[in-house]
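In terms of UniProt numbering, the sequence shown opens at residue 1 and continues consecutively.
It is worth saying that the hints were derived from the structure and are not from the lab.
Take every hint as true, because none was put in to throw you off.
Using 16 Å as the maximum straight-line C-alpha spacing, the simulated EDC-like pairs for lysine to aspartate or glutamate come out as follows:
1. 70 - 114
2. 59 - 75
3. 70 - 48
4. 80 - 112
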Amino acid sequence: MIIIGDDLIPFEELNLINSIEDIKNTKANSALLFFYNEELLKYCFKNELSSAVVVKSIKEAIYCNSLNAKYIICEKKLAKKLQKIADNYMYDSKILAIIKSNDELENIAKNEIDGVIYKDLIL
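Using the sequences plus the hints, can you model the full thing?
This is the structure:
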């Protein structure tokens, strides 16, 4: 299980961006975190940049996987649906459910979701 944002476990650095211009101010070799945006998604794909994309629908997740997003991030309810689709189609992208605390880890694991990301990192 991937756990991003927990104080106990080291995790990959994510840089929250809103535009292509923001990418210039990020550290090299860190993943770019953004809310679903087709322009940013295509830019990351074309430039082979690691991306973590917050989605609100199955359709957005399909595009993210097709354009090589490393992580597809969503609310827990959607994560359960996306994980089933990801497993069926053997997505390369990993599904991450948004959590508020480590009290939610067990439930996410029982639902066989690829991983979690703490909400604090997305704000």
